[in-house]
Each structure stands twice: as C-alpha cells, then as structure tokens.
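Visitor: 28 is the number of the first residue of the sequence shown in this note's numbering; add one for each residue after it.
I should point out that these hints are in silico values taken from the structure, not numbers from a laboratory.
Here the structure is a predicted model, which is why all the values come from computation and not from measurement.
Just so you know, not all the hints are guaranteed correct.
Here are the in silico distance ranges between beta carbons for each label pair [claimed, not checked]:
#, residue 1, residue 2, range
1, Glu-584, Gln-900, 44 to 50 Å
2, Gly-929, Pro-328, 41 to 47 Å
3, Val-695, Arg-122, 51 to 57 Å
4, Arg-915, Asp-818, 55 to 61 Å
5, Pro-328, Gly-654, 39 to 45 Å
6, Gly-654, Gly-106, 39 to 45 Å
7, Pro-558, Gln-916, 46 to 52 Å
8, Arg-556, Thr-691, 20 to 26 Å
9, Ser-924, Asp-704, 49 to 55 Å
10, Trp-137, Gly-106, 20 to 26 Å
11, Gln-900, Arg-707, 46 to 52 Å
12, His-483, Gly-654, 44 to 50 Å
13, Gly-654, Gly-929, 43 to 49 Å
14, Arg-434, Ala-581, 43 to 49 Å
For lysine to aspartate or glutamate, the following DMTMM-like pairs were computed, each having C-alpha atoms within a straight-line distance of at most 20 Å [as the list claims (entries may be wrong)]:
#, residue 1, residue 2
15, Lys-257, Glu-67
16, Lys-400, Asp-427
17, Lys-257, Glu-236
18, Lys-542, Asp-513
19, Lys-542, Asp-781
20, Lys-400, Asp-331
21, Lys-542, Glu-668
22, Lys-257, Asp-781
23, Lys-542, Asp-704
24, Lys-542, Glu-426
25, Lys-257, Glu-267
26, Lys-257, Glu-240
27, Lys-257, Glu-99
28, Lys-257, Asp-673
29, Lys-400, Glu-426
Ideal placement from N, C-alpha and C gives every residue a C-beta, glycine not left out.
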Amino acid sequence: MNTQTQSAFFSAEEAVHHPLSIGATVPYEPVNDSRLVGREGELEVLRAFVRDALTDGATLVVRGAAGSGKSEILEAGAGSAAAAGARILRCTGIRGGRPPELSGLLQVLWPVLGDARRLLTGRQFHALETLLVDGAPAPQDRGRMSFAVLGALEAVSADQPLLIVVDNWDALDEPSRDVLAFVARRTAGRPLGLLMSARPQHTRPASAEGLPELLLHPLPWAQSAALLAKTRPGNDPRTERELLATAAGNPLALLELPTQADHSAPYLPASSDRLAAALAPWTAQLPAGTRDLLLVAALHPTADIPALLSAASRLGGVALDLAAVEPAERQGIVMFDGMRLHFSHPATAGAVVHGTGPRRCRSAHAALAAELKQGSVRHMWHLSQAVEGPDPELAARLEDVHGHALRQNEPGTAVRLLRRAADLYSRPEDQGRCLLRAAQLAYGADWVRMARTLAHRALRLPLGPLGTLCAETLTRLESSPARPADPAAWPTPVGAAEQDSALELAQLVAPTVTKDIERAGALLSFLDRLPDRADDPRLLHAMATAMPLRRSSAVIERLPDALGRGDLPVRDLERLGEAALLTGAPLQALDLQRQAERRCRFHDLHDLMPGVLLRQGLSHLVTGNWGQAERAFRRCGESAEERGHDHHTTAAGLLEQLTRGLRTGTVVSWDDARARDVARRSVAAMDDIVAVSTGWAQVESGDFAAGYTTLARLLAAPSPCTAALFALVPFAEAADAVNAVDEARARLWQLERDLGPGHAPIVSVGLAVAQAVLADDQHGAPLYERAFAMDLSHHHFLEASLRLAHGRWLRRRREFSDSRVTLRQAAATFAMMGAEARVARISEELRASGESAGTVTSGVPRPAPAAGLLSAQELRIATLAGQGLSNRQIGAECGLSPRTIGSYLYQIFPRLGVTTRAQLATALRNEPVG
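With these hints in hand, go ahead and build the complete structure from the sequences.
Guide: The structure is reproduced here in structure tokens:
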C-alpha cells in the first residue's frame with residue numbers, strides 16, 4: 028500500500044459524512060420457509076435476528092457441520108430481509124483452494140461502489156477505491172482498512188437497511204475474514220446486519236470469538252423421516268431406515284444419498300458429487316497412502332486398524348503405519364480410537380471414495396479378502412467383489428455361506444451374497460434359485476421394493492412350481508387384492524429349494540386365510556406333507572398364524588425341537604415367539620422374546636428391538652401381568668420413535684392405553700381409523716385385541732352388562748378370535764353379575780367341545796376357572812377343586828381370579844374366615860401385577876366378609892398372617908430369607924437346591940404382598956391379627 032493511500036485513510040471520528048436515519052419503522056416480513064423441515068426453533072431465532080438487524084443492527088453466525096442446512100438458513104434470512112425492504116450484499120467462501128486476498132470483501136463492496144461514491148466524501152471514497160485496487164495492506168495497516176469498510180457500509184445502510192450474507196465465512200481469505208468480523212462487532216445503532224455461516228472448528232479463529240451463534244444440530248430421527256418423506260417419497264421401510272441411519276440427521280445427506288438397492292459390483296458406499304464436495308472436499312490433496320487407507324476403511328468399516336493398514340499396504344505396494352491416519356484426522360475425516368477408524372459422519376465413508384474407478388475398487392476388495400479369515404462371510408463377500416465375469420465355483424461358495432450370514436443376524440449381507448451368486452452363476456436354473464431366495468429374504472427384512480424387483484427377475488428364469496408360485500405372490504402381495512393360489516392345489520415339494528419356497532409361500536399366504544376355514548385347513552394339510560421340516564420356525568409360524576386353535580398343542584410340543592436347531596437368528600426367535608403367543612403359550616413366548624432381545628443388544632440390531640419389545644408386552648398382557656405389559660409397550664414406543672418406526676410407535680401407544688385401561692378399569696375409546704390402520708402393520712390382530720380389551724375393560728370398570736355383551740359376541744362367532752380365549756374369566760365374571768350364568772355355561776361347554784383336546788394349557792386353565800366362577804353355591808365345590816388341582820404355578824392372574832371367585836363363594840356360604848384369607852391372597856397377587864381395579868374390588872369383598880375398616884386402606888388390603896398363608900416349609904424359608912440369608916445358605920439349611928429356594932420365594936412374595944426381602948422381614952415381624 029503506497030504512502031498516498033495510507034494518508035487517505037480516515038479516522039473513526041470522520042467515518043460518516045451523512046447522519047444516520049434509523050428512527051423510521053422498517054416493515055418486517057416474518058421468516059417462514061417451508062423447505063426447512065425440523066428447524067422451527069432455528070427459524071424463530073432467525074426471525075428475531077432479522078427484526079433486530081433491520082432496526083438497530085445485529086450479527087449472527089450460523090454454525091453447523093457440512094450439509095446441516097446453513098445455506099438454507101441464510102437464504103431464509105435474506106429472503107425475509109429483502110421482503111422487508113432491506114438491501115442484500117453477499118459473498119461466499121470456496122473450500123478446497125486458496126482464495127486471493129480481499130476477494131471476499133470485493134464480493135461484498137463491489138455492488139455498492141456507486142452508492143459509496145455518492146454518499147462518501149471524495150477523500151473517503153478515493154481511499155476505499157485505492158484499497159480495492161491495490162490489494163490487502165500490510166498487517167499493521169489492516170485496522171485502517173477495517174474502519175474504511177465500516178464507514179462505507181454505515182453510509183450505505185443509512186440510505187437503506189443493509190444485510191450482509193456471508194456463506195462459508197471460515198473459507199474466506201484471512202483479510203476478508205478479519206474485516207468482516209470487525210464490522211460484525213460494530214453493527215449496533217445502525218440498520219446493518221451480518222448473517223454469516225461457518226463450520227465447527229477445533230481451533231476457532233480469534234476474530235470469531237464472542238460473536239452470537241446459532242448452532243445447527245443434526246435433525247432428530249422423526250424430523251429426518253418427515254424431510255425424507257417430503258422430498259423423496261415412495262421408499263420401502265427398510266430402505267428408508269437405511270437412508271435415515273446413514274444420513275444421521277444431515278439434511279444434505281437425506282436429499283443426496285442414493286439408495287443401495289441396485290448397486291452393481293464392485294460394491295462402493297453410496298454418495299453423490301454434491302455430497303462428496305461438502306463432506307470431503309480435500310480428499311484429493313491427501314497423501315496416496317492415506318487415500319488407500321480410507322478406501323479400504325470405507326469398504327470394511329468394522330475392521331481393526333492392523334487389518335486395514337495391511338490391506339492398504341497391499342493395495343498401494345508401500346508399507347504403511349499409523350502415520351497414514353494423521354492427515355485424515357487433521358482434516359476431520361476420521362477419528363481413531365486406538366483400534367478402529369471411525370468416519371466423522373456415516374455418509375463420509377461414501378464421500379471420500381466417491382468417483383473411485385471399478386478397477387481400483389476391485390483391487391481394494393481383493394486386498395481386504397487377502398487379510399480376512401478364509402471362508403468367513405466377510406472374506407467371501409470381498410472376494411466376490413474382486414472378480415469379473417462368471418465364476419460358478421465362487422457362486423456356489425457364496426450360496427453356501429449366505430446361511431452363515433443369516434445366523435449372524437445379517438439378512439442384508441445374505442441378500443447381497445445371493446444376488447452376487449446369481450451374477451456369477453452361468454446356468455439359468457442356478458441364477459433363478461439364488462434370485463428367488465434373495466427376494467424371499469429381502470421381503471422378510473422389509474425391503475419390499477427390492478423383493479418385488481428380484482422376484483420379477485427370478486420369474487424370467489427357470490423355477491420349480493412352488494418357486495414360481497412364491498415369486499408370483501411376492502410380485503403382487505403388496506399391490507394387488509388378488510388372492511394367492513389355493514393351498515389345496517399346491518404340489519408336494521421336491522428338493523431343498525422347493526421346500527424353502529414352500530415354507531416361504533406358506534408364510535406369505537397364512538395371514539390371508541385366517542378367516543377362511545377351508546383354505547386354512549388346506550394350508551395345514553399341505554404343511555403336514557413336510558415332515559422333514561416339522562420343526563422349522565417358518566412352518567410353525569405359518570401353522571400358528573393360519574389356525575392357532577386347531578394346532579396349538581402340536582406347535583407347543585415342537586418348540587423345544589425348533590430351539591434345538593442351533594444358534595437361531597433373531598428373526599427365527601421372533602417367529603417362534605409369535606407362534607407360541609398365537610397358540611396360547613405366553614410364557615414360552617416371553618422366554619423366546621427375551622432371548623431375541625438379548626441377541627438384538629449383543630449384535631446391535633436396534634431396528635429389530637421395537638418389534639421384540641412389542642411382542643413382549645403382548646405376552647405380559649395375555650398373562651395378566653399388566654404392569655409389566657405397560658412398561659414393555661412404553662419401552663417399545665420410545666425405541667420405535669428413536670428409530671422412526673411409525674407403525675410400532677402407533678401400535679405401542681394404543682396398546683399402552685388399552686393396558687392402562689385394564690389396570691385402572693377405564694374404557695379407552697380409539698376412533699382414529701388411520702392410526703388403527705398404521706398399528707395393524709405392526710400387529711395384524713390389532714382389531715381383535717382392541718375389541719377384546721374394550722370388553723374386558725368394561726368388566727373391570729364395573730359395567731358388567733356392556734362387558735358381557737361385547738365378550739359374548741366375540742366368543743359366539745363361528746370361529747372365535749384367539750384373543751377372546753384369554754378373556755374367558757372376565758366373560759364369566761360379567762355373566763355372573765348380570766344373571767346370564769346358564770347362557771355363559773352353555774357357551775363355555777360348546778367352546779370346549781369345538782376346541783377339542785389339543786388346545787393350549789392356558790385356555791384349559793381359563794376354561795376351568797371360568798366354569799368355577801359360574802358355579803352355584805350348592806355345586807361349586809367340585810368345580811373349584813378341579814380348578815385348584817390344575818397347574819396354576821405359571822398362571823398367576825388366573826390363580827388370583829380363581830381365589831377371588833372362591834373367596835366370594837366362601838363368603839356366600841358364610842365361611843368368613845376362610846373367605847378373608849383367600850381374598851387377601853388374591854389381592855396380594857393382583858397388587859403385584861398392577862391390577863388396581865381388581866384390588867379395589869377385593870377391598871369391597873373383604874368388607875362384606877367382615878374385614879374391619881382399619882385393615883383395608885386405600886383399596887389395598889393388609890396382608891394376612893403368614894401362618895395362615897404359608898405352609899410350614901414356606902414359613903421356614905421366608906423366615907430365613909427375612910434374616911438376610913442367601914438362597915444358597917437357605918438351601919443348605921433346608922436340604923434344597925438354591926433354584927428350588929428361588930421358586931419358593933417367587934410364590935411366597937405375592938402371597939404376603941411384598942416385593943423385597945426387607946419387606947419380607949417386616950411382614951413376618953408385624954403380623955396383623957386376623
């Protein structure tokens with residue numbers, strides 16, 4: 028900068044020639060940009076900023092990661108300010124290069140030079156003009172430059188409110204950054220605003236310290252799903268979840284990420300030009316070894332660093348060490364935890380390798396395959412991506428190893444292995460077999476669109492008769508109302524492939540025949556012709572879905588054999604659990620679902636967790652453990668909302684309300700037909716569950732007439748719904764209350780005959796308890812003896828209901844002392860299970876049987892004396908446990924195993940109305956007088 032220019036700089040005191048006019052009211056246009064989904068809070072901050080900037084000056088730095096929507100926020104603010112009459116000046120920093128000095132300021136000032144000539148004195152304008160022509164001054168003279176720019180902008184804003192919009196401020200040249208930051212701190216008192224965007228930085232420039240900031244966080248899952256549905260509708264559920272997981276709340280990734288459904292070999296993580304430029308703009312400037320390491324890490328992100336370094340060394344022909352990681356860490360592309368590389372964002376993996384050629388990608392896959400265990404799923408996958416052209420031998424190995432992927436709970440990998448095998452096979456028969464199996468697995472994993480596409484491809488190749496039927500069903504099941512082929516016409520399968528097709532076809536057809544007894548019977552007859560697959564989870568699930576009442580005993584008997592098949596994947600555990608629940612074995616179902624939950628947690632299968640928790644809640648609901656059911660549904664709803672599973676979220680919310688209604692005796696009204704349709708995607712029998720729960724809640728609320736009418740209608744249908752069979756006891760209680768005993772007895776006897784001897788144990792117990800509830804005073808003894816003689820150890824709700832009815836029966840017979848003991852036992856169990864309405868009902872019964880008012884408080888009866896509730900052996904065990912002895916120590920005292928002691932205590936706690944050993948000691952120490 029020459030001497031003349033230096034002398035021409037003016038001081039801060041003479042910066043402005045004309046006085047500011049800021050007293051006038053500026054019209055304000057609210058910020059309302061419908062494109063910014065999920066940014067309502069940020070837009071509210073932006074509204075306040077624009078209002079302040081156009082009246083009294085303001086500065087705002089919008090800070091967020093690449094692709095977080097900073098530019099859209101800036102555009103929304105600029106649009107609102109322009110609509111309010113402000114003048115907009117812009118400049119943009121370019122990443123990945125070295126911008127010329129003062130290039131950012133030139134972008135801002137060039138449009139207002141004409142106004143500056145008019146508004147500034149000749150000396151002031153000449154100084155500014157010389158500055159822009161001569162370039163950046165020496166560092167010691169930048170203060171004068173900052174005052175010059177501030178003076179020019181003040182003068183222009185006095186004529187018309189001014190908003191300066193700076194995109195990528197941190198990517199501008201250093202002099203421009205410093206001057207704009209100087210101006211940003213001095214906007215107060217003038218209609219001048221600076222709206223700037225920048226990315227988070229480990230070391231923030233000193234000039235940015237203290238400026239007001241608006242942080243853009245990743246979008247929550249629900250809002251990400253809303254943006255995806257608005258901008259890219261039509262994705263199937265699994266593809267949508269994959270896009271949401273990879274985008275991780277990044278709006279640009281949600282808009283730009285390609286779907287993985289139709290990727291051809293060799294595999295490369297998906298990305299786009301725009302996404303790569305935003306997330307990894309400097310990748311090309313990294314050392315070659317670092318780029319090789321990033322490539323193999325993107326292809327195998329779960330590998331440990333030694334394997335990645337070896338593969339990258341093999342790929343580049345140069346030995347690499349941990350120094351190769353440092354350049355990528357400095358650029359913020361990866362983070363290293365000591366064993367593995369983690370990309371800074373899930374979409375960064377695709378961004379850093381975007382544009383890699385097929386030959387180099389195959390070489391990287393081959394290098395990884397050479398470092399992995401021979402024959403493993405990952406080894407075979409990378410090996411398949413490293414070859415070109417047909418390779419039938421490798422294709423056969425891929426087809427064999429897809430089963431290992433399924434057992435490792437990786438259905439997506441299994442589908443990809445089969446698709447690649449189909450590409451490598453030469454014979455059309457082999458190609459068709461692999462494509463059909465891939466379509467079946469894709470449908471089971473919720474890749475509906477991919478399943479339909481693969482099924483269409485398979486139909487163009489030779490398939491067996493059942494394979495053809497299965498493929499045709501897959502192509503039209505979701506889009507056409509046409510019924511699948513009648514199972515009565517299905518041929519007997521020959522060969523393993525046809526048997527697999529038969530089982531998959533049975534699973535597809537079973538939900539469609541539940542209301543058609545003839546076609547359901549034909550499907551069961553067909554499944555009976557598969558003795559070699561009698562314990563296959565798919566067969567048991569199809570059988571339980573089609574006709575749960577006819578084959579409950581057969582399904583329950585085969586469950587242990589199915590579990591003995593080895594380390595079952597989560598999907599098979601889900602099938603077996605649902606089959607057990609449908610056929611009336613909720614305890615076995617609960618055990619299977621808990622196994623599935625443990626596998627989900629161990630393998631990080633978060634997408635499957637909501638469905639597992641939902642069915643746990645249904646199992647608790649069936650057993651009458653309503654407190655646990657409500658908690659399971661709440662957990663399901665929270666998990667589903669985090670993962671964006673709308674159908675599970677809706678179903679869990681409805682079921683939680685229904686369960687709370689059963690607990691408290693409140694009838695829940697659910698009139699939202701659309702929500703019911705969404706929930707039905709999660710639980711096919713939702714309508715039956717709602718109907719039965721409504722009738723049951725009416726009984727719990729004391730509206731016995733309405734409850735009896737509802738439940739009688741459900742049980743009187745030609746084929747009663749399975750859910751109604753779990754409500755036999757409230758049906759009998761309602762019938763007893765409305766004097767419809769004879770009619771109810773006839774219905775129960777007819778139902779027992781229709782079900783035959785093969786119905787589920789819980790139904791047998793329910794029938795026995797219901798018949799005892801309906802017993803008259805003269806002939807009730809044998810019915811109660813029969814019910815108490817059954818195995819009630821695992822049916823606590825039914826046992827408590829039986830004790831409630833028995834206590835009422837004893838009271839009517841004026842056996843008041845025995846009645847009170849029995850009613851207290853029932854109350855303790857119901858209290859443990861969260862059945863609040865039933866506890867309140869028992870309180871009334873206790874008063875009627877002579878219980879003193881002081882003994883019954885808040886609807887919860889006090890526990891009876893331990894001596895009246897426990898046997899001598901149980902009392903001894905309870906006493907020792909109350910003294911603080913462990914199960915092992917108590918077992919040594921009594922000559923029993925610790926497991927047996929645990930079983931005793933499991934029965935003792937509800938009888939005494941306690942939940943902990945400390946409470947047990949108190950109950951034994953302060954026994955009330957009966």
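Visitor: Would you say the C-beta atoms of Gly-654 and Gly-929 sit inside 43 to 49 Å of each other?
Guide: 21 Å, violated
Visitor: Has the given pair, Lys-257 with Glu-99, been kept, meaning a C-alpha gap of at most 20 Å?
Guide: 16 Å, holds
Visitor: That 55 to 61 Å hint for Arg-915 and Asp-818 (C-beta), does it hold up?
Guide: For Asp-818 against Arg-915, whose Cβ atoms are near 27 Å apart, the range 55 to 61 Å is violated.
Visitor: Holds or violated: Lys-542 and Glu-668, Cα atoms, limit 20 Å.
Guide: 33 Å, violated
Visitor: Okay, Pro-328 versus Gly-654 on CB: inside 39 to 45 Å?
Guide: Distance hint for Pro-328, Gly-654 holds at roughly 42 Å.
Visitor: Hinted pair, alpha-carbon criterion (20 Å max): Lys-257, Glu-67. Please report holds or violated.
Guide: OK: Lys-257 and Glu-67 at ~16 Å, within 20 Å.
Visitor: Between Glu-584 and Gln-900, does the beta-carbon spacing fit 44 to 50 Å?
Guide: Cβ of Glu-584 to Cβ of Gln-900: about 33 Å, so the range 44 to 50 Å is violated.
Visitor: Hint check: Lys-257 vs Glu-267, CA-CA at most 20 Å. Holds or violated?
Guide: 12 Å, holds
Visitor: Would you say the C-beta atoms of Arg-556 and Thr-691 sit inside 20 to 26 Å of each other?
Guide: 50 Å, violated
Visitor: Holds or violated: Lys-400 and Asp-427, Cα atoms, limit 20 Å.
Guide: 16 Å, holds
Visitor: Could you see if the CB distance from Gly-929 to Pro-328 stays within 41 to 47 Å?
Guide: For Pro-328 against Gly-929, whose Cβ atoms are near 44 Å apart, the range 41 to 47 Å holds.
Visitor: Checking one constraint from the list: CA of Lys-257 to CA of Asp-673, max 20 Å. Satisfied?
Guide: 15 Å, holds
Taken one by one, the earlier hints fail for this structure at numbers 1, 4, 6, 8, 13, 14, 17, 21, 22, 24, 26, listed in ascending order.
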